[in-house]
Amino acid sequence: MSATVLENPLRTGMRLERTAEPCVVVIFGATGDLTKRKLVPALYRLVQERLVPAEFAIVGAARTELSSEEFRANMKEAVAQFSEAKSVDDEVWASFAQGLHYLKVDIGTNEDYVKLGAKLDEIDQERGTQGNRVFYLSVAPSLYAEAVRQLGQSGLAKPKEGRKGWVRVIIEKPFGTDLQSAQALNHDIHQHLDESQIYRIDHYLGKETVQNLLVFRFANGIYEPLWNRQYIDHVQITNAETVGVEGRGGYYEKAGVVRDMLQNHVFQVLSLVAMEPPASLNSESVRDEKIKAMTAVRPFTPERIRTECVRGQYGAGSINGKQVPGYREEEGVAPGSATETFAMLTMYFDNWRWSGVPFYIRSGKRLAKRVTEIAIQFKDAPHKLFGSEMMEQMSPNQLIIRVQPDEGITMRVAAKVPGQVTRIRDVNMDFRYGASFGVQLAEAYERLLLDCILGDPTLYARTDMTERGWEIVMPLLEEWAAAKAEAPFPNYEAGTWGPQATHDLLERTGRRWRRP
Amino acid sequence: MSEIQKSSAAASAPQGIDVGRLEKELAANWQNSAGGAEDSGVMRVCVLNLIIYATHKEDRAKLDELLDEVTAHVPSRALVLIADRDSAEARLEAYVSMRCQTESRGGAKKVCGEQVTIVAAGAAVDAAASAIEPLVVPDVPVFLWWKDIPHEEDKLFNRLVELTDRVVIDSLVFDKPHEDMKRLAQIVAGRRQFMLASDLNWGRLTSWRNLIASFWDVPDYRTHLDALDDVIVEYDPPDVATGEIAAQALLVAGWLASALKWEPTGEFAREGKSARWVMRAGERKLNVILRAADERQGCDGLVATLKLKCGATSAEFYVGVNEGWTKLETSARIGGAQTVGRVVSYEAKSEGQRLSRELNILSRDEVYEGAVACVGRLIEVLQKS
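Protein sequences appear in the order of chains A and B.
Its first residue numbered 8, the first sequence is counted upward by one per residue in my numbering.
Its first residue numbered -5, the second sequence is counted upward by one per residue in my numbering.
Hints are computed from structural coordinates only; laboratory data are not their basis.
Hints are not guaranteed to be accurate.
[Unchecked claim] Under the rule of at most 35 Å between Cα atoms (straight-line distance), these lysine-lysine pairs were calculated in the DSBU-like manner:
no. : chain 1 : residue 1 : chain 2 : residue 2
1   : B       : K18       : A       : K423
2   : B       : K51       : B       : K170
3   : B       : K255      : A       : K171
4   : A       : K126      : B       : K303
5   : A       : K45       : B       : K321
6   : A       : K171      : B       : K170
7   : A       : K171      : B       : K18
Quick caveat, the model's predicted, so the values are computed rather than measured.
Chain B on its own, in the form it takes in the complex (with noise of 0.2 Å):
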């Protein structure tokens, strides 16, 4: 259960905002909460600072059950900055609230954490990293939340990355997915000794990747991924300008080429709803293959199944999700006999839940930094083609 309390007063200023004033309307806000009792029942918990960057046309209803969503698994300092940057006015104003959520278990103590949103407009967006910094709580994690598509030149978006020790961003968001990808690519690549990057569109990855694993994991099958011929990732596609490939498709491609050490050759060709990159391995070749599948309602930009072949051994790999989008089922076909398969929960985890889990993460993912890359050189081979 969660409730939000607002503090009364918007700090506002046109030449900036006034940090110590809103310090103080939390604190007032702490002992508002704790009601003066001997023992408050209110817990205060702040395991990191999470920044969010967003854009006026957010919704920002949605935005607060996120944070409820947060809150209830990573109570947080939360810093919203809300930004209109086509504004003719210069205008920054912030206030603060508290999230406070009822303890499931312990019954009546509540846990909270805090939020101040800050607004800002016109030429003052570019300022505004300067009002976050003296909020951000010290010792704890920095997270940036960058709810929009980061561009390497964005003078706010740099400033804000130095301050965070992990920067979370969509790629499913990526309007083209192309450009963006690559874009995304170079920013990785090029921050690479003080950055670090979560995808929450890699997230989503998490059981793909691992149902896929798992078909190595036995070793008698080990061979198999030696030697394969064609990989084929279909994806509803995204609800941009018609052709281009979903991000996340993308990413499964960049994955599994960094992973086995595959290179793009170069050669590349379009045929009707499918792009087909001839990859290097050692010394094979092998195709990989993303096709748009014929669309589904809400799951623009999702994979819907990926097929691994292998022709020497006559062997096939799956995995899917169903119709209804619920489960993934896995199978595979050695020799043309079918062996074990299984079919799992394919959990709709909501944004606030993806978010939750990749702020729990600290380290370097090395393995999307390398999956990444690897796209930005096959949509390099795509442009070139």
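Looking at chain A on its own, in the form it has when it is part of the complex (with noise of 0.2 Å):
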């Protein structure tokens, strides 16, 4: 993956390799909570790492009046209370405070875009940051396209002239709400950026796992060979969660799972298991093999919603052994809601590696348990050798890659359990990141922010990729949507693996759900 390393020649051989310009990351909607949870323990710690130089500031920009101290200190209880540590060394903390700085913005006032101008020029002054800037548009997603076309208007879009640096702004998810929404906004902001520029974030990319499918398939001459229809049953992708709409409600009900996690979450891990081999690790090259994985996806008509897809919402069960309500009893949302907490998708890629390989996606609110993972279903041995009275265990090859919680990877083979007889059971070969490697994984936004202080795109979702996926669901969201009146819900219970059509459908063609 490509990356902006200065030509620094007491960098050579450190072992902290990756380090960048200096910079200023503005975060649009810095009173927030994802502000306080996620971006400002992670760019904390990348400065503490020493990922980022000394000069590296950060502005905080929100509708809230707040002064520069009061932010240091809300950011400072937050990063004690979200950090890996717990905790904040005063010392430590006044060193990177004197980079932390606010600014009331209004995002649709071009006033105060003019005003963060000016801060910016005060703090290249000061800091040397060379007009390098990362927007990061941590808002609702409906002030986008208004925010990039200020940024535009008031020239914050691109480098001053005759001056050098970069300006690269994060957007977070969702982009867009179908496929409408979603290339108007890649229109409105290509008004005023590059497609270079824009940095469109998915954390799910920024989990080891997710990073380490690339090295799993691509550095190992074992498995490439095997990763085809010739040897692979089918894939399952399971994209469980435990906790219910958490005071969201309102928003769930006009997203549902679909928007909120397949297309951009489970179709990003999907397209890393199902692509082809890149040229290079150069990020074009990755993400061009990423879409053209995606483009040979086979539609979804109204028949194959119906016969390979279920969809579901939660009725009231007990998680952990605490009893939770059904999602229609949960705040914001309707009595009589017809929005999908659960989706399963049965999705082909014609294609020749993959003709004919069922791909079982499913994802989920309140299921038993918080866990995504891919499993690689292999073919049965082509001969049955052992009877099965030697079988205590009869299940075929599989290969899971946990992408979250306990991120590893589990091969499942066959062997004989020891003794006079020839019994045969499964085993695990496991691989544990934590047993194996004795480290703190470090959070998927430190990576992610740092790629794009240095520039590097890889793990960041492209104009095409955003658009391709609303493309593939938008004929279930439509169809779902036309028949809301039918939909049987709710038709699981809280803390279970989603409704029982799941599980049917898969035994029609021979085949059963892994229970992660």
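Take the two lone chains, each set in its own frame, and fit them into one complex as the hints suggest.
Spelled out as structure tokens, the structure:
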């Protein structure tokens, strides 16, 4: 993956080799939850790890009237609460806080951008940040286009004429609410930004195991020859949450699981599983291969939606021994809501590699366990040499890539049980990040923020990928919206693995869902 | 959380060690830990072999603590060789043990590493390598932590180096830093083809090197780097013979000289607590000054401050550790004006954490090798003067 590494003779051979140029990160929506839970703790850690230089600065921007001092105090509390260390050293914080500023900015007010520009010039002067800027849009999605328009019109979207420096904009998900709105948003932001300046963040791609997918597939010689229709029977991707809507009922009513999870996070992971080997690790090569794979996804027809997909909504149940209400009882949710909190899709890639291999994908809220994993199920051995009396357990080989929690990879193979007679059972060959490397994995936001500062967009979504994601799910969204009245909701109990129909669907093909 | 299970029987034989028996004892330990249950809850993990050489004077309890930490970070097969070279009696004995950590996230499942401890005395010490070799787990890397001063004529050292992918030493413990660093330079250069070296003392400098380098991540400061006049490194005097310069300070000087292609001119002077080398940087000359600071408790041999000065541009770059040895501070002054500085935590890492970090590195550290070679040349100049 490409990165800007400065030519500094003292950096040669340094163990911390990815070090960025001085820059200012401007966070729009600086009083929001994401800023305090993820962004500022991640930036604090990057500074602590010396991955960004001393000159690095942050400007928090939001509508709330706050002084820089108050903002610093709030952020100190946030870092203490949400960082891994759960504490902040006063002296170290004081040094970090020197580069932490706040400015009241109303997204739609032009004068505020003039003030912001002046503030950034002042910081360039004081700290030597040289016109390098990252604008992080952590605001309501309806404000993305306006923020970019204002940045463009105030001259902040490009480096000042005759001056060096770069400008990048990070845009949070959701990127649009359907294909049309995503296309419109892309059109609007391209009026002011080149594609190379746009970083559409999907924090799943910052997870270590997701990145390891590329390494696992393309740095090992033994898996790639098996990674196709000849040897793989099917693929299961499970993205399960135990939480409900967590007070975001209003948002979720409009979004549903397909918009909230499948179209972005899950499709990003799916594309890494299905893609062809890229020619290089250059960001464009990787992203080209991902979109090529997604282009081969078989369209959903009304018939396929009826027979190969399942939607669901949770009713009351219990999770981890605790009673939880049904979706319709959640705050902000309509009593007769037909919003899906669970979806299962059967996807096919109509290409040489994957022809005929089903990819079963399920994502939902209030499921039995919080887990995201990819299970590659291989075909059975061609000839059953060992009779059923020898098989204590008889399941095909599986390769399981766990994205969260407990990131790692497991290979399930058959082995002989020690003893005088031949008995066979499954054993797992486990690789766990925690056990093998004994390191604290970096937060996804740390990795992604650093990549953006370094100018490496590999782990960010490109225009074509966001639009393709919507293209794939639109028939599904339309079909389900049209048939809301027929939705048999609620149709799964909280704390289970979703509607019975998902199990029936696989059973009809002679397969079954893995219990993650 | 850690627990150690030692095998009750020690395999002891004056003629040698019964490797087969040791392996059987290890297997029995695994079975006992599993308790015969269907899902044992014990996970055997071995990502590398770690051979540790220590003398019999080593504090064994401390070594145990250290191995607990290492197992938590890098589960491995530890082959611990305790040597008493001065013993009149030739003796070789061994026992096995398991070292288990309860996974912090997973709950009940234990991640276990295994350990074979070999105690060798007298003439048996040199033969100990032949007992270690068959105990090495195949297909995973082999690290040697030589907890002593390496000597190139040492037969055991040479034999163990041949077995290993990487040798870890700690130049902080050198009792004659000048002579030992010179010897280290010779060992590293002489065995370059088959030995990769790590130095815990070099690892301690990572934060320092990173902060020093970060001054020149700012392109505008780059010009000062080519115009430096004085490099001043202050160090806490090592707890050794008076007048010896700390190995860590020598490494800082060696690193800067090697990275920036400075060569000693041969001009050297001792001025009080300072040692000054005149270096050539292309057409220019500059001073490298290593100065003993006032002693601080528990910081023997560690670098305390570093200043890089450039007269022509009135620039000064500073990195220093605070009084409590808990934070590093940087500052830069250009043309008399203070620029942005920062304070970062100075992680007081334990020896186990430092070792674990080195065990994750398998590639050649050419920067370290360059720095050590340069230190060798600096010491030659010092010894000639």
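A quick look at each hint next to the structure:
At roughly 20 Å between alpha-carbon atoms, B:K18 and A:K423 fall within 35 Å of each other, so this suggested pair holds. In summary, the hint linking B:K51 to B:K170 is supported, as the alpha carbons are separated by about 19 Å, within the 35 Å threshold. Note on B:K255 and A:K171: the hinted pairing holds, with a Cα-Cα distance of about 30 Å set against a maximum of 35 Å. Between A:K126 and B:K303 the CA atoms are separated by roughly 32 Å; this keeps the pair inside 35 Å, and the hint holds.
Our distance criterion of 35 Å between C-alpha atoms is met by A:K45 and B:K321, whose separation comes to about 25 Å. Between the alpha carbons of A:K171 and B:K170 the distance comes to roughly 51 Å, so the proposed pair goes past 35 Å and is violated. With a C-alpha separation of about 67 Å, the suggested pairing of A:K171 with B:K18 is violated against the 35 Å cut-off.
Checked against the numbered hints listed earlier, the structure breaks hints 6, 7; every other hint is satisfied.
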